[in-house]
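K.L.:
These protein sequence lines are chains A and B, in that order.
Using our numbering, you'd call the opening residue of the first sequence number 95 and step up by one each time.
Using our numbering, you'd call the opening residue of the second sequence number 95 and step up by one each time.
Where hints are given, some of them may not hold.
Calculated lysine-lysine pairs in the DSS-like style (CA-CA distance at most 27 Å, straight line) [stated by the list, open to error]: (1) A:194 / B:160; (2) A:232 / A:160; (3) B:194 / A:330.
Selected chain B positions facing chain A (in silico; Cβ < 8 Å) [as the list claims (entries may be wrong)]: (4) 124; (5) 179; (6) 183; (7) 202; (8) 212; (9) 231; (10) 243; (11) 246; (12) 336.
Note that these hints are calculated values from the structure, not bench results.
Glycine is no exception: its CB is placed at the ideal position from the N, C-alpha and C atoms.
Number of protein chains: 2
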Amino acid sequence: MVEDNLIEKLQQRFERSLKACPFTGEPEGLYAPIDYVLSVGGKRVRPVLCLLACRLYGGDESVALKAAMGLEVFHNFTLLHDDIMDRAETRRGQETVHVKWNDNTAILSGDAMLIKAYQLMASVPEASSARVNEIFSKTALEVCEGQQYDMDFEGREQVSTDEYLKMIKLKTAVLLAASLQIGALLGGADSFNQDKLYDFGIQLGLAFQLRDDLLDAFGDPGLFGKKIGGDILCGKRSYLRIMAEQLADEATKAELDEAFSMPASKGAQKIRRVLDIYKRLDIQKVTEEAIEKRFEQSISLLDSLDLDPEQKDVLTTLAHDLMGRQR
Amino acid sequence: MVEDNLIEKLQQRFERSLKACPFTGEPEGLYAPIDYVLSVGGKRVRPVLCLLACRLYGGDESVALKAAMGLEVFHNFTLLHDDIMDRAETRRGQETVHVKWNDNTAILSGDAMLIKAYQLMASVPEASSARVNEIFSKTALEVCEGQQYDMDFEGREQVSTDEYLKMIKLKTAVLLAASLQIGALLGGADSFNQDKLYDFGIQLGLAFQLRDDLLDAFGDPGLFGKKIGGDILCGKRSYLRIMAEQLADEATKAELDEAFSMPASKGAQKIRRVLDIYKRLDIQKVTEEAIEKRFEQSISLLDSLDLDPEQKDVLTTLAHDLMGRQR
Chain A
95 MVEDNLIEKL QQRFERSLKA CPFTGEPEGL YAPIDYVLSV GGKRVRPVLC LLACRLYGGD
155 ESVALKAAMG LEVFHNFTLL HDDIMDRAET RRGQETVHVK WNDNTAILSG DAMLIKAYQL
215 MASVPEASSA RVNEIFSKTA LEVCEGQQYD MDFEGREQVS TDEYLKMIKL KTAVLLAASL
275 QIGALLGGAD SFNQDKLYDF GIQLGLAFQL RDDLLDAFGD PGLFGKKIGG DILCGKRSYL
335 RIMAEQLADE ATKAELDEAF SMPASKGAQK IRRVLDIYKR LDIQKVTEEA IEKRFEQSIS
395 LLDSLDLDPE QKDVLTTLAH DLMGRQR
Chain B
95 MVEDNLIEKL QQRFERSLKA CPFTGEPEGL YAPIDYVLSV GGKRVRPVLC LLACRLYGGD
155 ESVALKAAMG LEVFHNFTLL HDDIMDRAET RRGQETVHVK WNDNTAILSG DAMLIKAYQL
215 MASVPEASSA RVNEIFSKTA LEVCEGQQYD MDFEGREQVS TDEYLKMIKL KTAVLLAASL
275 QIGALLGGAD SFNQDKLYDF GIQLGLAFQL RDDLLDAFGD PGLFGKKIGG DILCGKRSYL
335 RIMAEQLADE ATKAELDEAF SMPASKGAQK IRRVLDIYKR LDIQKVTEEA IEKRFEQSIS
395 LLDSLDLDPE QKDVLTTLAH DLMGRQR
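Work out the full structure: start from the sequences and follow the hints.
P.N.:
This is the structure we're talking about:
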């Protein structure tokens, strides 16, 4: 039997645990930014995935709480450092750490968070400790690789779809996948189920990131939470831009390049021109198909899991939630 | 029996192992800076301390090689990030990573190095793994705290001697101490010996850092390897400056403040004026006494170790080497 509203309950349990373990200490200049960034919130997707996987395989979620915290602290560490690199000024509607304090603080507090994340991951039961640590380090390194590819692509003339998908897999999907894998491991799942759940996380993560790209151009400004056109303004090589470059004829490609080379001072006009080209090339539909393909693949991976239909249903619901869909 | 030239042999063994395990991979933008910074070299103090402690307690140094590498990779990670924060342009006579590449590369490659360091620390024999990981994380966090205090002190009106000593203990001494402790643990030492060796490392580390402060003002430019007066130029609150502020009468204190407030453009004059005040206040002697006190304390801590005189002698030699002294 799966209890009602399990996902919300796990989310609340996680928030309570996080509040009970404040990241404060001396010197304040090091710890205050950590406390700030962790209390700003967010959807707590990774810890919930971890706790849920643990529960579904019969473990009590308390076994996975420290690991869930470690995953959330790690994720927020990457945001802190990424926001310096991308010169992002706000995150979740609040000033980023390097703006509220400065770059040095964001670098150093981020470093301390990565160490704190490792301390939390080391608090899992001893029998699972070595394997959890191994998965965590592998994943953490992959996330760094993803961020480097992302920065490399900014300066490149051309990026293939495969290269782009590899990048978002590393930058986004592997951490979602590892959260599920670690939770399942701590819950007592065998390695077949751990691995399948990991693969489910990869496909879901790809769908999730492609959807993020789509919403940047075609989202509802009220619901999306960020300004529309951010990727266009900063000339990011998103899935939409890569597909547009591939599908455009020579004249349209030239038009696209010209639109992207417009200065930031002509922001609104730049966004309008790029969106106009996207519409002509039907990029929204192309991207929606790419999302659907990964999403369906993720759901079909649930078939082979040793879980009863009701339990699989919780994962399906979570997948829909994450994609902002009704079921 | 301790073999001849053990320290040099361990140093060479470490260099060979490091070369055999190149930090290369894709994307190159992430890994090339890691390989660069690790092959520039340095004295490899921390890994040698680790390997030596392991050997002295009867372990084969191969048991500690991965941990020794982890400690060196961690140390170089801190240099990478500290150099961004301090805007340092050269390190060991070579361009720093943020100058040769850029800030973002130095941030991200540094992050990857911290993860790599954890991967290496996790490669120790399983029986010691949890404890090594615990010591390593505690130490790593302390090093971040030390760096934060160091930055905080730059902007402060006054810093006490105790505060300064606490800062250099965290920023420098704990990693030297933990290197010895981890090596001893892997070699089979009991916790009494591990802890005493840790304390030896703390006192030696304090002496070492105070000596670094001293050499910045009174070193031989040819031997020191850095330009004389760097700390004075950037207004760093070194041990010398703190003691000068404490020992100066009101008029001399005003003179000191004025000298330190001189612009960088008058660099040579600024250094001359500060050094002149240091000389009048006999700061060189005061600092030498502070160094001597810690150095003697470190040596006296060796008394209680369960090692034979010949083995203690190797540690005494290493301590003298580190302080640039003949025996």
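K.L.:
Give a verdict on every hint.
P.N.:
Now the hints, each set against the structure:
1. A:194 / B:160: violated (39 Å)
2. A:232 / A:160: holds (19 Å)
3. B:194 / A:330: Status holds; Cα separation ~25 Å.
4. 124: holds (4 Å)
5. 179: Constraint on residue 179 of chain B satisfied, holds at 4 Å.
6. 183: Constraint on residue 183 of chain B not satisfied, violated at 16 Å.
7. 202: Given a least distance of 6 Å, the restraint on residue 202 of chain B holds.
8. 212: holds (6 Å)
9. 231: holds (5 Å)
10. 243: With Cβ-Cβ at 5 Å, under 8 Å, it holds.
11. 246: holds (6 Å)
12. 336: Residue 336 of chain B check fails; min Cβ-Cβ to chain A is 18 Å, beyond 8 Å.
This entry does not satisfy hints 1, 6 and 12, going by the numbered hints stated previously.
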